[in-house]
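Engineer: Using the sequences and the hints given, assemble the complete structure.
Protein chains in written order, with our numbering: chain C, 1 to 497; chain Z, 1 to 497; chain L, 1 to 497.
Take these hints with a grain of salt, some might be off.
Note that the list lumps identical chains together, so a pair holds whenever it fits in one copy or between two copies.
The list that follows gives simulated cross-link-like pairs (lysine-lysine, BS3-like), each with its CA atoms no further than 25 Å apart [what the hints assert, rightly or not]:
1) K265 - K185
2) K67 - K132
3) K427 - K482
4) K338 - K368
5) K337 - K368
6) K407 - K63
7) K375 - K202
8) K192 - K375
Calculated directly from the structure, the hints in this document are not laboratory data.
So you can see what is in the structure, the chains are spelled out below.
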Amino acid sequence: MKTLAFFVAAVFLAASFSLAGEPPVSSETQGCIGCHSSVTPGIVKDWMQSRHSKTTPAEGMAKSELKRRISAKEVAAGLKAKVVGCYECHGLNPERHKDNFDHYGYKVNVVVSPGDCSTCHPVEAEQYSGSKKANAWGNLQYNPVYLTLVNTVIGLKQVSDDTITMSPPSHFTRQEACFGCHGTKVEARGMKTVQTAMGAIKVPDLTNWPNQGVGRLNPDGTKGACTSCHPRHSFSIEVARKPYTCSQCHLEPDVPAWNVYDESKHGDILLSEQNQWNFTDVPWTVGEDFLAPSCSTCHMSLLVSPDGSVIAERSHDFGARLWVRLFGLIYSHAQPKKGDTSIIRNADGLPLPTTFTGEPAAKYLIDKQEQARRKGIMMSVCKGCHSTDWTEMHFAKLDSTLQETDKMTLAATKLISEAWRLGIADKSNPFDEALEQKWIKQWLFFGNSVRYSSAMTGAPDYAAFKYGWWDLTNNLQEMRDKIEMKKKLMHEERSEH
Amino acid sequence: MKTLAFFVAAVFLAASFSLAGEPPVSSETQGCIGCHSSVTPGIVKDWMQSRHSKTTPAEGMAKSELKRRISAKEVAAGLKAKVVGCYECHGLNPERHKDNFDHYGYKVNVVVSPGDCSTCHPVEAEQYSGSKKANAWGNLQYNPVYLTLVNTVIGLKQVSDDTITMSPPSHFTRQEACFGCHGTKVEARGMKTVQTAMGAIKVPDLTNWPNQGVGRLNPDGTKGACTSCHPRHSFSIEVARKPYTCSQCHLEPDVPAWNVYDESKHGDILLSEQNQWNFTDVPWTVGEDFLAPSCSTCHMSLLVSPDGSVIAERSHDFGARLWVRLFGLIYSHAQPKKGDTSIIRNADGLPLPTTFTGEPAAKYLIDKQEQARRKGIMMSVCKGCHSTDWTEMHFAKLDSTLQETDKMTLAATKLISEAWRLGIADKSNPFDEALEQKWIKQWLFFGNSVRYSSAMTGAPDYAAFKYGWWDLTNNLQEMRDKIEMKKKLMHEERSEH
Amino acid sequence: MKTLAFFVAAVFLAASFSLAGEPPVSSETQGCIGCHSSVTPGIVKDWMQSRHSKTTPAEGMAKSELKRRISAKEVAAGLKAKVVGCYECHGLNPERHKDNFDHYGYKVNVVVSPGDCSTCHPVEAEQYSGSKKANAWGNLQYNPVYLTLVNTVIGLKQVSDDTITMSPPSHFTRQEACFGCHGTKVEARGMKTVQTAMGAIKVPDLTNWPNQGVGRLNPDGTKGACTSCHPRHSFSIEVARKPYTCSQCHLEPDVPAWNVYDESKHGDILLSEQNQWNFTDVPWTVGEDFLAPSCSTCHMSLLVSPDGSVIAERSHDFGARLWVRLFGLIYSHAQPKKGDTSIIRNADGLPLPTTFTGEPAAKYLIDKQEQARRKGIMMSVCKGCHSTDWTEMHFAKLDSTLQETDKMTLAATKLISEAWRLGIADKSNPFDEALEQKWIKQWLFFGNSVRYSSAMTGAPDYAAFKYGWWDLTNNLQEMRDKIEMKKKLMHEERSEH
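Structural biologist: Structural data, given as structure tokens:
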């Protein structure tokens, strides 16, 4: 379909882009653009309006400390003076990349990884590598309890002779369900031929691809996907700072962060006024660039006061300002010490941060002092707009809510334990029966909603009627009702014999 | 309430609007504006900022092929040189319009229909007329299975003596529930008098009005409502191209297209950057006008590459780029050959695209070759930004997901079939009992969510916890649980006698 | 952390801001800014870009009647000629404010209340004070039926010996769930010391704070929080007019106003085009400033036609244009006469606007004449864009839908009444059992969704599958099913003995 004329025009376009003098585009990248501006024009144009296409690492490094978007102190000479083009990223570290292949004479990698991005952004890559996000694949895969839950939920079921049988989930379903967010294991297993608009070409045959999950295992051995939040090929800080990015994964019913934000006053103000704000400046100035926080404001961005003083340091370890974990697996608990949570063992020997009755696996969780330190950072962010008293009262409320929602989970745990004891449910797989799934909802959906609503300054509907207290309460009653009926039926059966 | 002064001012406004020379407004339309700029000022102003108020068909036709927004090769002399005003649309085809009436000396139609729009947009009207959307009214009304479902869901229920009885739905509830999207049958049944700000006037007495459903039956005999997506009276291409328009109907839990898009990376990028994009240009240029697709990008818009080559032709037949039907009625299947799906008969003689156990009514569905052709068009759109391999892997995943979700539906069908066999549920109406409604949810809500998430490049929550695999799995367990308890109770009752 | 240098810089900033001549900032406010531009810079900057920071009451009062944003005919001399700064609001009415305290030599209130805002906005404060919103705290707290529902839903539950026991909700959970929207009782109970960036300071010890609920009881004895909709410290009319503000509370499943709007054609147009509209002009001109309504357009804003004629007067009594109440407590009914609904007594002596079977407490509700008057105001708004016939047909549909959804509630009430009669459920608390909670959902969630969809010009999914007719129907079947099984079990138990 593509004619030679288009190809020539594209090469000319690429050449003129570079001939203009500034910004200096490497000859390799000019080669990429030569074809790709007609083969995949969308991503070329996306890159052309990015900062990467207009700035060299040298220019980036010349900025003052607070304004720098690049954390490398030094960048290799070959990269330093050219804009960050296709080949500058896709051509990095070929020796480590199992997905490196010869593409029209260029040795390129299909997958650009945090290992590659660390060439210019080593601090961010380092912070990220220790986060729970970077470990999101292994945290499911290497945790037998979570993996049982995964397999139970997304495994294929079949009915025969009145029984439901289950087989393990397909790699496709893993890829688009749980591991859509957590990331997949992308491996190169040789080459394959694809028929493209330019004819047949050979490309690496990758497993579990495409995927941009936060904990993706890359063919170079690194973990994560920077494109989860900085989508290709603009790698925009604006996109990453807007809450729509986080909402790709942090959604009701299990992690209702976006929904709670959307309902909150912070969300109201941002949604109403965002087009008058600045989402690109570095550092990000409270009151000048924005008037209400987005997700990244509170959780990771480098924030300064209009007078230039630093309110909070940037961190790409997303837990850096978090002291408690709200998810409730099964109960809320202090943040894990390490991003790899599969190493945790609770008092029952299970890889869970608490026991089924709520006792924390303290050895693997941060202590009170570290909790206080992190909470202090978060409170500094709040105090950019709120008084000390306001802030302290807000978090006192959260403390209370964590205790209460944990008690509501414990109530459900007592009911399911009774069912297990009576033989109404079978604990061998604690996740696969209808009654057990009500218990799961208590801590995986309903407790979480109340906690997120409490933590994120208020989404009263998520505390009340939308997966909140209403459901915590109703679910307990439904559990008790079901247990009661099953007990009666069991009694009838027995008395019959 | 309106004074003479306002009326005079309004007429003057209308006159001065025209006196300015360009654009030329017909005298009839000036007459309309004379009153309506004070009677219904909102729609007059809406029109005034539209393209229709500023361009004549002659100007529209003078544009080059790709830039044309008007597909007529010729337009009647009386219309050609005037802007497209009130009377140019509401005065068309009076002989066909049962809703034509004398309004202060002008013969106008209340309802402007696709038949009228086809005066300037015949290709679009023709494409639309063959679509499932244009046939959306009849596809429910003339399909006894679907109509049973409709009547069961929205029919009024009453409880007496411990029994729930059901009467057919009112025309009002039909109008605002199912037929709010599918469209109503709008007929003129004589005239009636209404008391307006200008005094009592006689207007046609229309049934099931107001309605803008996509398959509306109009008083001129045509089907559809262009205003479903191009709302009055700006008829904006920008609005139609933005995803909020599609979300008027394509919403969870039965058609979660908007919700899946909203969570997807495409949605993230659009929501973050849309104000820097161009939603009005024709043709629509990948990479220049936009950097991530909206609904219309993939499904209908005329797309070109920055080099001017056509990536995909425009089509107002919304199925033109679709090869499979994800809804799952009851199983996913090849797209129907015709927009009128009420003609389909499956192997059991039912008007469904598959049997209850999944066998397709192949005669009425497109064949593999046509499927491949359409898939090819869609893949061309993907390849505007994504590599061939990426695109092929994406659709391989979808193929697998369709099979798996169909199996999850089959599992539920086996359970409900057992219930029917045992007399636990009564198949005479397969949709009206609590247990049957769990079966419906499996294919109408949960299977769909997983499929849409898979097809639209990823909304992992809709594949997992939000009406996805979690619900597919839990619903099966709930069904089995209910059947088990009912079987035991049935056994007890029997053993008692 | 803050150094002296910052402090000096901040004072200089504040001074220079005022030295520029215009606008005149009071010396007290300069004092506030002196510290707070470094202590809480976000809110200082927020205020700096507000109208309050740029306009004096005198300037506001000088505008023509329709353009005025200030309803006071006279403002005290001391306030009149200065911009509305920190101290102008936080320093008002110290004698009435139990939360007044000495703060670095200034006597300030923590909580600014409607009583304080009424200094310049007396008409709005007066209208608001009579609304159901202003009475939202007492309407729950002083209504024993509603309070039972509140306590049942958000009370802490514990399981012991197979029984669920309930304790009253904590003040924290009240604050963030029901009373997050309804407002809390904020009282000053002496002073306390907080450790701030400026050192230890003494501040009032407030109960149930922070909170911005619409019916908040303030330490000065007034009711409400203007900041519910005009968030601090820009107090923007733009934010209040955008629908995101209302969505802070009016959300599915109990009050799905935002969700219905979001799906509606009005919502589609606003979301697509809002950045081209004007949300700040007073008055608000139909067709010029906006082309589709937001929540405030229909419910409260001062609207004019492009010719300057008034379409609807502004009102901060949010029920001023409402004739029916859609919530359905338990059935839809005429609007209450007074904002304080706790005074209502129905024929059964209960504080509900209808009996459990639907008979209205007519004495406390507006009569048909007042209903017609209010409906007339709302219809004037509709007619800004829609014909009289369109508008009348729309509301005829709503009338029918109210009757039908009330009948669907009555059907559920008959089922639960049978359960109460048979002893399957215990009416002593009509809200605490699983079966009763299904009955609650019928009128609190599902009936409401259908009604909102009908009233707000169409969200067909909310009428159909999303908490709509599907759920109204399915819920009845689930109730009947549960009752049937419990009856059978009861029968078995009896026949056993």
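Engineer: State for each hint whether it applies.
Structural biologist: Checked hints:
Taking the closest pair of Cα atoms, K265 and K185 come within 25 Å of each other only across two copies (20 Å); inside a single copy the shortest separation is 39 Å, beyond that limit. Taking the shortest alpha-carbon separations for K67 and K132, neither the intra-copy value of 27 Å nor the inter-copy value of 50 Å comes in at or below 25 Å. Taking CA atoms no more than 25 Å apart as the test, K427 paired with K482 passes in both settings, with 17 Å inside one copy and 20 Å between copies. When the C-alpha separation of K338 and K368 is checked against a cutoff of 25 Å, the pair qualifies only within one copy, where the shortest distance is 16 Å, while the shortest distance between copies is 51 Å.
For a Cα distance limit of 25 Å, the shortest separation of K337 from K368 inside one copy, 12 Å, qualifies, whereas the shortest one across copies, 54 Å, does not. In this assembly of identical chains, K407 and K63 lie within 25 Å of each other by CA distance neither inside one copy nor across copies; the values are 52 Å within and 58 Å between. Proximity of K375 and K202 under a CA criterion of 25 Å is satisfied inter-copy only: 22 Å between copies versus 52 Å inside one chain copy. Taking CA atoms no more than 25 Å apart as the test, K192 paired with K375 passes between copies only; the shortest distance there is 21 Å, against 51 Å inside one copy.
Hints 2 and 6, counting from the list given before, are not met by this structure.
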